[in-house]
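Under this note's numbering, think of the first position of the sequence shown as 5, with each following residue one higher.
Hints were generated in silico from the structure; no laboratory data involved.
Note that CB positions come from ideal geometry on N, CA and C, so glycine has one too.
Check the hints yourself; a few may be wrong.
Dumping the calculated SDA-like pairs for lysine to any residue here, alpha-carbon to alpha-carbon at most 20 Å [said to hold, decoys possible]:
{"id": "1", "residue 1": "K159", "residue 2": "D90"}
{"id": "2", "residue 1": "K227", "residue 2": "S197"}
{"id": "3", "residue 1": "K166", "residue 2": "Q71"}
{"id": "4", "residue 1": "K227", "residue 2": "F136"}
{"id": "5", "residue 1": "K159", "residue 2": "G85"}
{"id": "6", "residue 1": "K186", "residue 2": "E140"}
{"id": "7", "residue 1": "K166", "residue 2": "S197"}
{"id": "8", "residue 1": "K159", "residue 2": "A78"}
{"id": "9", "residue 1": "K166", "residue 2": "V211"}
{"id": "10", "residue 1": "K186", "residue 2": "F136"}
If you anchor each label on the Cβ, the simulated ranges turn out as follows [what the hints assert, rightly or not]:
{"id": "11", "residue 1": "E57", "residue 2": "R160", "range": "16 to 24 Å"}
{"id": "12", "residue 1": "P158", "residue 2": "A23", "range": "36 to 44 Å"}
{"id": "13", "residue 1": "E15", "residue 2": "D109", "range": "17 to 25 Å"}
{"id": "14", "residue 1": "Q71", "residue 2": "E104", "range": "35 to 43 Å"}
{"id": "15", "residue 1": "G85", "residue 2": "R175", "range": "16 to 24 Å"}
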Amino acid sequence: MLVRGRYRAREAAGSGDIARAQALRTRAFGLAEPDCDAFDDICTHILIEEGEELVACYRLLRLPPGQIDRSYSAQFYGLAGLNGFDGTMIEMGRFCVAPERRDPDILRIAWGAMARYVSSSDAQLLFGCSSFRGVEPEMYQDSFALLRQGHLAPKRWLPRVKAPRVFRFARRLRDHRPDMQKALRAMPPLLRSYLVMGGWVSDHAVVDRQMNTLHVFTGLEIKAIPAARASMLRAIAT
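Given the sequences, and given the hints that come with them, work out the whole structure.
In structure tokens form, the structure reads like this:
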């Protein structure tokens, strides 16, 4: 358990806790049907609570080298390049915060709990799908142009197109100069956190109508995290 201020982060203790996380995900993602799938049974679930109230959650899947095709993300992206990644990988998924909550300390403790888990697992790569709400890419052209400009994955790790509907922003927005303020304002907070730590993304976004999102594959090599950011995460995690 990790406690910071009025929030605590802990691993789910059983099916009741997982059901609470699924209920929060359903509400936060605005879904008509309960948000649950087979990955819930094989993941570690992290709950962020204030007292007895669940205010945020996410799930983690630990994968040894060469097994990234077992991940949730592999349903949507061709990840053959990352099969050659030499190190333990952790997929972070279904991150959400209660819609009425705006406290940045929630994201901080979430990353602190993540840093503790990564350290205990000796993981070398953190990855997942970072989602923009809605399926109309025109709303996020500045954000996608910014991703194209300086945050694409290294060629050896670059995810390939696999999903039937995608927005190829690296091709489509070659001549679009992003407005930085608009780009950052429209970008999901989780994705911004990945980027400031040295994270990278796929060159296309998947159009996921089931979840009503556009998402990009996001990777973060642990050794690439700037020293100051790494120190900050360690401080939160201890």
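Now for the hints, and whether the structure bears them out:
1. K159 x D90: Status holds; Cα separation ~16 Å.
2. K227 x S197: holds (16 Å)
3. K166 x Q71: holds (17 Å)
4. K227 x F136: violated (27 Å)
5. K159 x G85: holds (9 Å)
6. K186 x E140: Holds: K186 and E140 sit about 16 Å apart, inside 20 Å.
7. K166 x S197: Violated, because 26 Å separates the two Cα atoms, which is more than 20 Å.
8. K159 x A78: The given pair, whose Cα atoms are some 18 Å apart, holds under the 20 Å limit.
9. K166 x V211: holds (11 Å)
10. K186 x F136: holds (14 Å)
11. E57 x R160: 16 to 24 Å: violated (44 Å)
12. P158 x A23: 36 to 44 Å: holds (39 Å)
13. E15 x D109: 17 to 25 Å: Cβ of E15 to Cβ of D109: about 20 Å, so the range 17 to 25 Å holds.
14. Q71 x E104: 35 to 43 Å: Because 38 Å falls inside the window, the suggested range holds.
15. G85 x R175: 16 to 24 Å: At roughly 19 Å between Cβ atoms, R175 and G85 fall inside 16 to 24 Å, so the hint holds.
Checked against the numbered hints given earlier, the structure breaks hints 4, 7 and 11 and satisfies all the rest.
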